[in-house]
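Novice: One-letter residues, chain by chain:
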Amino acid sequence: MATVERKSQGSLNLGLRAWGTRHVYSFFSSIGTLLRSPLGTLMTVAVLGIAMALPLGLWVALKNLQQVNPAAEDISTISVFLNAGAKQAKVDKLAAEINAWPEVESLKALSPEEALADFRKNSGFAAAVDALADNPLPWVFELKLQAVDIKLESHNETVAQQIERLLIRLESFPEIDFAQYDLQWLERLQAIMGLGATISRILAILFGFAVIFVVGNTIRLDIQNRREEIEVMSLVGATEAFIRRPFLYTGFWYGLLGGLVALTLVSLSLALIGGPLERLLLSYQSDFQLLLPGINGSLLVLVGGGLLGLFGGALAVRRHLNNLNPG
Amino acid sequence: MVVVCGHSLSCFPSPSEVCGLSMIRFERVSKRYPGGVQALSDVSFHLESGEMAFLTGHSGAGKSTLLRLIALLDRASRGQVFLQGRNLANIPRRKLPLLRRSVGVIFQDHKLLSDKTVFDNVALPLLIAGWRYQEISKRVRAALDQVDLLRKERVMPVSLSGGEQQRVGIARAIVSNPPVLLADEPTGNLDPDLSADLMTLFCRLNELGTTVLIASHDIALIQRLQRRVLVLEQGKILNQEAAGSLG
Ligand SMILES: Nc1ncnc2c1ncn2[C@@H]1O[C@H](COP(=O)(O)OP(=O)(O)OP(=O)(O)O)[C@@H](O)[C@H]1O
Ligand SMILES: [Mg+2]
Chain A
1 MATVERKSQG SLNLGLRAWG TRHVYSFFSS IGTLLRSPLG TLMTVAVLGI
51 AMALPLGLWV ALKNLQQVNP AAEDISTISV FLNAGAKQAK VDKLAAEINA
101 WPEVESLKAL SPEEALADFR KNSGFAAAVD ALADNPLPWV FELKLQAVDI
151 KLESHNETVA QQIERLLIRL ESFPEIDFAQ YDLQWLERLQ AIMGLGATIS
201 RILAILFGFA VIFVVGNTIR LDIQNRREEI EVMSLVGATE AFIRRPFLYT
251 GFWYGLLGGL VALTLVSLSL ALIGGPLERL LLSYQSDFQL LLPGINGSLL
301 VLVGGGLLGL FGGALAVRRH LNNLNPG
Chain B
1001 MVVVCGHSLS CFPSPSEVCG LSMIRFERVS KRYPGGVQAL SDVSFHLESG
1051 EMAFLTGHSG AGKSTLLRLI ALLDRASRGQ VFLQGRNLAN IPRRKLPLLR
1101 RSVGVIFQDH KLLSDKTVFD NVALPLLIAG WRYQEISKRV RAALDQVDLL
1151 RKERVMPVSL SGGEQQRVGI ARAIVSNPPV LLADEPTGNL DPDLSADLMT
1201 LFCRLNELGT TVLIASHDIA LIQRLQRRVL VLEQGKILNQ EAAGSLG
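In the order they appear, the protein sequences are chains A and B.
The opening position of the first sequence corresponds to residue 1 in this note's numbering, with each subsequent residue numbered one higher.
The opening position of the second sequence corresponds to residue 1001 in this note's numbering, with each subsequent residue numbered one higher.
Treat the hints as calculated values from the structure; they're not laboratory data.
A hint or two may mislead.
What the hints assert, rightly or not - Not everything, but these chain A residues come out facing chain B in the computed CB check (under 10 Å):
(1) A18
(2) T21
(3) A115
(4) A117
(5) E228
(6) E229
(7) F242
(8) N323
Unchecked claim - Restraint ranges, calculated between C-beta atoms of paired labels, are given here:
(9) B/R1154 <-> A/I31: 16 to 22 Å
(10) A/V303 <-> B/G1035: 45 to 51 Å
(11) B/G1035 <-> A/W19: 36 to 42 Å
(12) A/G40 <-> B/A1142: 37 to 43 Å
(13) A/S269 <-> B/P1034: 54 to 60 Å
Unchecked claim - Over 10 Å on every C-beta distance to chain A, these chain B residues come out as not near it, computed from the model:
(14) H1046
(15) G1060
(16) P1125
Quick reminder that beta carbons are idealized off the backbone N, C-alpha and C, glycines included.
Here chain A stands alone, though its shape is the one from the complex (with noise of 0.2 Å):
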């Protein structure tokens, strides 16, 4: 009984052994293939890594957009515009009411004579400014919302709807002429980014079965041109998982190739355009800070693209490499 046991842990031993050989011969084989024309390999892995480079990039640009928070800064601010001639006794009131809100973080009152001296700083009028015999502006209020963070997720359209609400409040008091908020640029954001979203989802579906296809070709060529060798190995006892194995690792090494090819065009084109934009964004906001594809994103990319290769090469000997041995 233990001998055949130990006999039979002997050949699963053997087997395992086997099995480890085979894969290591396949996968020697599939980076000689690989290496056998570095040119032709390199030119598809350069197709493979564009086009996978277009889905990406626009991911990772859409990333970086993400960070820029309009509700941060100006974005979170309403403007309310007094009737001209409001009494001081009433501003006062109203603003003490309006600031109680649980939306509003802070509410800062100008008098029309601190907005005129504003304007007169900001606007290069001074001249035009001092003409003036009579002051023209209202009281303006700007509140502070509490931050409101601009997603990219479906539960944005609240977050308009509820400045929209805000609004028509504001504007239900007399003593108030307009409550303004630049809600088009919010909808715009919102609505050019989900557009991004969308596209860049496209993209990558449509450049998925780019690389599936320009892989699947590329083995299909290699299989073509090995007749010969597969022809003779399936004569000497070779299986058909045998044959077929080697260029299953070599679509494997293609999109993981053209994956890395991605990746590194992304981060070289975020490097050479990341100064300018920093600058850009930041003047809009301080704490900007560029963001690459990351380590999640990088693995998602490469065993992704690794994945699709797979594939590619797996039609490809479906295709190709059938009924090698007689019916």
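Go by the hints and put chain B with the ligands onto chain A.
Specialist: What follows is chain B with the ligands alone, placed relative to chain A:
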């Protein structure tokens, strides 16, 4: 069971096979190629385990076709082929490669890989079977030594003579020590001395228990060796006679 062997030396039973069990058996086998050529018709014969025999006949008689059926490279159109007692018609397609490894084939046109060294060509059957590298190189060197090509292990097949290429093919066929060895015109490109050496090698393998079937035109060589001869003519077995009565 009555066990009768062709000759005493061939009885060197390996554990799995019993001497006298038929290793190769054809029962009314016909092979028609898709083009309509009837390459074999109604062929019946059998070879015992450990037997060595020749297959002869004119060009186009069907020798290569017959060997291909044994090597599981093709299926019979009619009739049955048995290898080690198994009916090859019943072997599912995906099992063919494993069974194929028990048959070493020396091809008429060598079938070497032009972009691999002599060593790698000979190692191919062992790589496929998943042998360990140390064991592979030991066996490949032993096989190359038997065909006197050890010095050329790092050479590409293109820079070898026709006879040397043939010997690489022979080394590849015997490297995994298969129980059946089929040779299709193995001496076609060899000078008389090398041919004689090669026959000595086949006889040695046969004495160690390998069943050997050699397709050849070389009547003189066949006659010298005094083994059974199967004669094919237009796809039919003419007679099975001792080599002495040929010619
Ligand atoms: N793949 C094939 N398709 C169609 N016909 C074939 C095929 N292979 C061989 N034949 C035909 O079958 C017949 C037998 O061929 P085979 O190769 O078995 O002859 P052979 O005895 O080996 O000849 P040789 O001594 O010249 O090698 C020939 O008429 C040949 O034309
Ligand atoms: Mg032939």
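Novice: Decide, hint by hint, whether the structure agrees.
Specialist: So, going through the hints one by one against the coordinates:
Satisfaction of the interface hint for A/A18 is found here, the shortest Cβ-Cβ separation to chain B being roughly 3 Å, below the 10 Å cut-off. Proximity of A/T21 to chain B holds as hinted, the smallest CB-CB distance being about 5 Å (cut-off 10 Å). About 84 Å separates the beta-carbon of A/A115 from the nearest beta-carbon of chain B, more than 10 Å, and the hint is not met. For A/A117, the interface hint is violated, the least distance from its beta-carbon to any beta-carbon of chain B being 86 Å, above 10 Å.
Because the closest C-beta pair between A/E228 and chain B is about 7 Å apart, less than 10 Å, the hint holds. Proximity of A/E229 to chain B holds as hinted, the smallest CB-CB distance being about 5 Å (cut-off 10 Å). With its C-beta approaching chain B no nearer than about 6 Å, A/F242 sits inside the 10 Å limit, and its interface hint holds. Contact between A/N323 and chain B, as hinted, is supported at the beta carbon level, the nearest pair being about 8 Å apart and thus within 10 Å.
Separation of B/R1154 from A/I31 is about 21 Å and conforms to the stated range, judged on CB atoms against 16 to 22 Å. Separation of A/V303 from B/G1035 is about 49 Å and conforms to the stated range, judged on CB atoms against 45 to 51 Å. Checked against the given bound of 36 to 42 Å, the beta carbons of B/G1035 and A/W19, roughly 41 Å apart, stay inside it. Between A/G40 and B/A1142 the beta carbons are some 39 Å apart, a value that agrees with the proposed interval 37 to 43 Å.
Here the CB-CB span from A/S269 to B/P1034 is close to 57 Å, well matched to the stated 54 to 60 Å. No Cβ of chain A comes within 10 Å of the Cβ of B/H1046; the nearest lies about 22 Å off, and the non-interface call holds. Non-interface status of B/G1060 relative to chain A is upheld: no Cβ of that chain comes within 10 Å, the nearest being about 21 Å off. For B/P1125, the requirement that its beta carbon stay farther than 10 Å from each beta carbon of chain A is not met, with the minimum near 5 Å.
Hint check: violations occur at hints 3, 4 and 16; the rest are consistent with the structure.
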